[in-house]
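Kindly generate the complete structure, drawing on both the sequences and the hints.
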Amino acid sequence: MSLKTPLGRVLGLGAAGTGVGHWWQQRVTAAALALLGLWFVIALIGLETATRAAVVDWIGSPLNAALLALLVLTAAWHSLLGTQVIVEDYVDGAGKVILLVLLQFVHVAAAAVGVMAILRVAIGGQ
Amino acid sequence: MAAGNRPLSPHLQIYRPQLTTVLSISHRFAGMALTAGLLLLVYWLASVARGEAAYRDAMAVLGSLPVKFLLFLGTLAFFYHLANGIRHLAWDCGWGFEIRQVYASGWTVVAVTLVLTLLTWALLLAGGGA
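Going down the list, the sequences are from chains A and B. Quick note on the working numbering: the first sequence kicks off at 1 and runs consecutively. Quick note on the working numbering: the second sequence kicks off at 1001 and runs consecutively.
There may be inaccurate statements among the hints.
[Unchecked claim] Pulled from the structure, derived: some chain A residues nowhere near chain B, Cβ distances all over 10 Å: (1) K4; (2) I59; (3) F105.
[Said to hold, decoys possible] Derived DEER-like restraints, expressed as beta-carbon distance ranges: (4) S1064(B) / A54(A): 17 to 27 Å; (5) P1017(B) / V91(A): 17 to 27 Å; (6) E48(A) / A1053(B): 10 to 20 Å.
None of these hints come from the bench; they were simulated from the model. Predicted model, so just to flag it, every value in this text is computed and none were measured. Backbone N, C-alpha and C define an ideal beta-carbon position, used for all residues, glycine too.
As structure tokens, this is what we get:
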């Protein structure tokens, strides 16, 4: 028989202690994306996407560039958290670890390429 | 822990689909579709940055009929995940857990999704932006 308390026995095992942070970040990014996502869809409806010049002009506005960068970053973060949970729910063993690392790579890369593209158009022009 | 003789929950294959369960798993599928949508958004943004020729190529891909259909499904996933996400946030606040409320909010989500998706594409096609 162990004299350790129930809390002492589980501390340090599994995700104990970090789950709340994940859960909360998922909610906060969700609230942000509700606003950013709606903004983007409405903007897209009014945008003349057939001509690149119109899109460049649109991203050239600092407000649009900032909101677009926030959209890409927040969506990547929210998507990483969500797909991570799906993989943890349905995949086991080594495949789980490989998929989780892959998801991190893909999302960080998407965020980097997206923000870089926005900055280049917004600051570099043309 | 031995999994041997413990009773198992009903298997999905023989469990009659209900609005609640269908909407629940749809939230995950829509989320995964939107992950693909994020990559598509980044692809589009990169094409803007890379110049005129790259943008024309990207728009040719995005404007082709099969991809256009995928974008329509993507819009459906976007509005569904948005509406059902707000439903989830309400639950997180402890609101709407009565079974009648769960069904009412569920059907509301379905209606809002369909209306906003069709409205968006009507506006896109009317503006010639699609």
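Verification of the supplied hints:
no. : hint                          : verdict
1   : K4                            : holds (20 Å)
2   : I59                           : violated (7 Å)
3   : F105                          : holds (12 Å)
4   : S1064(B) / A54(A): 17 to 27 Å : holds (21 Å)
5   : P1017(B) / V91(A): 17 to 27 Å : holds (24 Å)
6   : E48(A) / A1053(B): 10 to 20 Å : holds (19 Å)
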